[in-house]
Amino acid sequence: MLMKDRTSGLLLCLALTCLWAAGRLHAPLVRARAEQRLDAGEPLENAPPLVAFTTVALGGFRGLLADALWLRVSRLQDEGQYFELVQLADWITKLEPRTTEIWAFHAWNLAYNISVMMPEPEDRWRWVRHGIELLRDQGLVYNPGDPALYTELAWMFQYKIGAAADNAHLYYKRQWARAMIQLFDGPVPDFARLAAEPEALRRMREEYKLLPDVVRHVEQAYGPLDWRLPETHAIYWAYRGLRHADGNGYLPAERMICQCLAALFLNGRLVYQPDENLYRTEPNPDLLPRALTAYETTLARHPQEGIRTGYRNFLADAVRLLHDLGRAAEARQTFNRLHRESPTPETTAGLDAWLTSRLATDG
Amino acid sequence: MKPHPPATTPDRSPAALPATCAVAGLAVRAAVRSRLFLSLMVLLLAVVIGVPLAVKGDGTAAGQVRILLLYALGMGSMVLGAATVWAGCGMISQEIEERQIRLLAVKPVHPFRIWLGKWLGLLALDAVLLGAAGAVVYGLLQWRLGAAQISPEERRQIGEEILTGRRLFSPRPDPIAAQVDAELARLIRAHGLPAGISREEARATLERALRTRRAAVAPGRTREWIFDVPSPAGETTPVLLRFRLSPDAAGRRPVSGTWTAGPVGEPERFRHAVEGVLTGAVQFRIPPELLGTGEPVVVRFHNEPRPRSRTVVFRAGHEAELLVREASFAANLVLALVIVFCQLALLAAIGITAGAAFSFPVAAFTAAALLLISLLSHSFIGGSSPEAAARVHAHHHGPAPEPSALVQTAEKGIRCTAAITEPAMQFAPLGRLADGILVAPARAARAAVLLLFLYPAPLALIATLCLRRRELGAT
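Chains as they are written, first to last, in my numbering: chain C, -17 to 345; chain L, 5 to 479.
For reference, chain C alone in the conformation it holds in the complex (with noise of 0.2 Å):
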């Protein structure tokens, strides 16, 4: 009897001593899933029912489950089986829908990693697609408080489809463009045509999830853009990322402003005519006060040399294209604004002097 009352005793003793350092791990734990933002959004209460229940009902066991996805995954993609990716992302992301990381591995890697690997344009533009919707789609809709998430599908229209990194580039700017010619009858949205088409208006806000309030918003601050340009579509969605940021903005998202509004001042006027196959962007001069605008208050928020560089860089192409261009007062301006941001034995020298050397130096 005093055996089993002493066996009690110890076992008593063990289990408040449990308690007590589950008690005093707690609030690290707390801490923890502050730092890696598991608590920022509130409850998944816009997931399906099936997402709320695998969540749930699986609990810590569904980082295993999404783990063995993931070697399936990466197996699949070694041996050039890609019919299975589409699907097996969407099951990853929905087991761990919190995790930004985890959307934006899997969006790159269906646009870029995959989309490489198919030999026809269209067959890439597809994998493109399945990257960018998985993140507008579903990514954002689990997380719509993530500026980071907004970055990520950003970057996908700046660089994947924006940039000349892909060698199927040109189509799909074509493809894009097509589309939105679709959806705005033109280069730009019409609101008093959409309010009059609801159907228009519905695939805007539904299919290419372009709010339209935002994107008055953004023509407001950053406009006049062509819309069938794929940088335009990157300011849209850092923008909105940028709304959910804290006080102190959000840096990824304001460089990508910056940048999207320089390459928009370079080539911001697209010439498409789907007929005869012509795509042709020409310079936007009009943006010019917007992009100095959009880099003045980055720096002045985030006084970065990586930014000061871009602005500089920016100046001087701007410099060179408006003297180009016969904007000669625009052009002086411009370079005076370079010369105060920056000044180099070139840009004391003048004008004239700074665009002989340039000329001399770059061709």
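Please keep in mind that the hints were generated in silico from the structure rather than gathered at the bench. All C-beta atoms in this analysis are idealised placements derived from N, C-alpha and C, irrespective of residue type, glycine included. Heads up, a few of these hints could be off.
[Said to hold, decoys possible] Within a straight-line C-alpha distance of at most 27 Å, the following computed DSS-like cross-link-like pairs (lysine-lysine) qualify:
{"#": "1", "chain 1": "C", "residue 1": "Lys155", "chain 2": "C", "residue 2": "Lys191"}
{"#": "2", "chain 1": "L", "residue 1": "Lys111", "chain 2": "C", "residue 2": "Lys155"}
{"#": "3", "chain 1": "L", "residue 1": "Lys416", "chain 2": "C", "residue 2": "Lys191"}
{"#": "4", "chain 1": "C", "residue 1": "Lys191", "chain 2": "C", "residue 2": "Lys76"}
{"#": "5", "chain 1": "C", "residue 1": "Lys76", "chain 2": "L", "residue 2": "Lys60"}
[What the hints assert, rightly or not] Label pairs and their in silico Cβ distance ranges:
{"#": "6", "chain 1": "L", "residue 1": "Thr297", "chain 2": "C", "residue 2": "Glu102", "range": "34 to 42 Å"}
{"#": "7", "chain 1": "C", "residue 1": "Ser339", "chain 2": "L", "residue 2": "Arg310", "range": "34 to 42 Å"}
{"#": "8", "chain 1": "C", "residue 1": "Asn259", "chain 2": "L", "residue 2": "Arg160", "range": "26 to 34 Å"}
{"#": "9", "chain 1": "L", "residue 1": "Leu191", "chain 2": "C", "residue 2": "Ala4", "range": "50 to 58 Å"}
{"#": "10", "chain 1": "C", "residue 1": "Pro10", "chain 2": "L", "residue 2": "Phe384", "range": "26 to 34 Å"}
Assemble the complex: chain C is given as a structure, and chain L must be docked to it using the hints.
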């Protein structure tokens, strides 16, 4: 408590075969009466029809067909497998709990015959359910292929690449063993082996390096593979030559080269020029008559000299393969279903044996745990080799530390488990079916021998011993 001896001597004569059939018939009747069969049929059809609607493909018609084959049949097999284990666990254990098995034991029916009868009964149910699932998938496939939105070109591609049974031929292995040995001997003479590296590890590393080197074809060079392909006499479907580039090198630099193929006597009967950026897996069609009549087939890739081309890096070990049609899709589907049926037979044997040894909840838990352990061991063995783990560790953190005794013991346990279970895990018929790869009759026969006889036999023995020792009328 001491078990009771059987009331009378069990009948072991050939005439007792009807007893087995009677037990099987009773098992089937019980399953039908309890609506297990009907519920499973409804569930299975819901899965087979519903899954392809819910699962996203890659947006192509070919992707949808492969999803239909892999996921509809795969999920259906999983549901059927789980139900088979569950039903198997309950077949004997619940009869013992409800004391119905006494009626059989006092006939007397030998415990082995009880086990065999239950197993055959469950297999009969599985055969009907699996057959129905296969027929529905086949019907769905035909319906989907008839859809207007599939272009004739897509239909042709699906027919040639997926809805077929192609035997996959790999090239003759590179005779590099002598080269590796010579290189190893030279290294040992010159520097000796580094501390902590065994001769086998050094050899494996050298072999890997040599294979990787041979996978790269510099501009102006030619790489050759020899395939032993039987004569495709009478076959009109084009042979597919598929090659894979290293994922690191694919899709980046434009190359220019020529593929040639033909019998040894005329190795350039077929020529195909490639120009531009090559991507991960590329394939082209070769008319079968160009490959000769049973002679070895020589396939070459000649990379044009610089500056027209750059180095082409193939995926080491999977550079090129030939796919030759040998069977129709219907035959391939039937053979794949035969293998799935054999797998279900093993699951049924596990479930019934667990039910013979334990009460229903314990049997279900034991069978599930056994399957989970087997699957995890399979995954562990398939996903990791000690060399690969050491390589990854060394790459990131320097030389790997000696694993702890606990890890070593766990690893040994997993490897022992895998040594027993791996032969049963080697069949993946649905993946082959969805890839249009032949499910060979020899493979199906091997599955039948292993999964219908060799694995169930010891399980039957265990179950017989358990039933002989168990109090069949106990509460």
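query: Can you list which hints this structure breaks, lowest number first?
result: The structure breaks hints 2 and 3; every other hint is satisfied.
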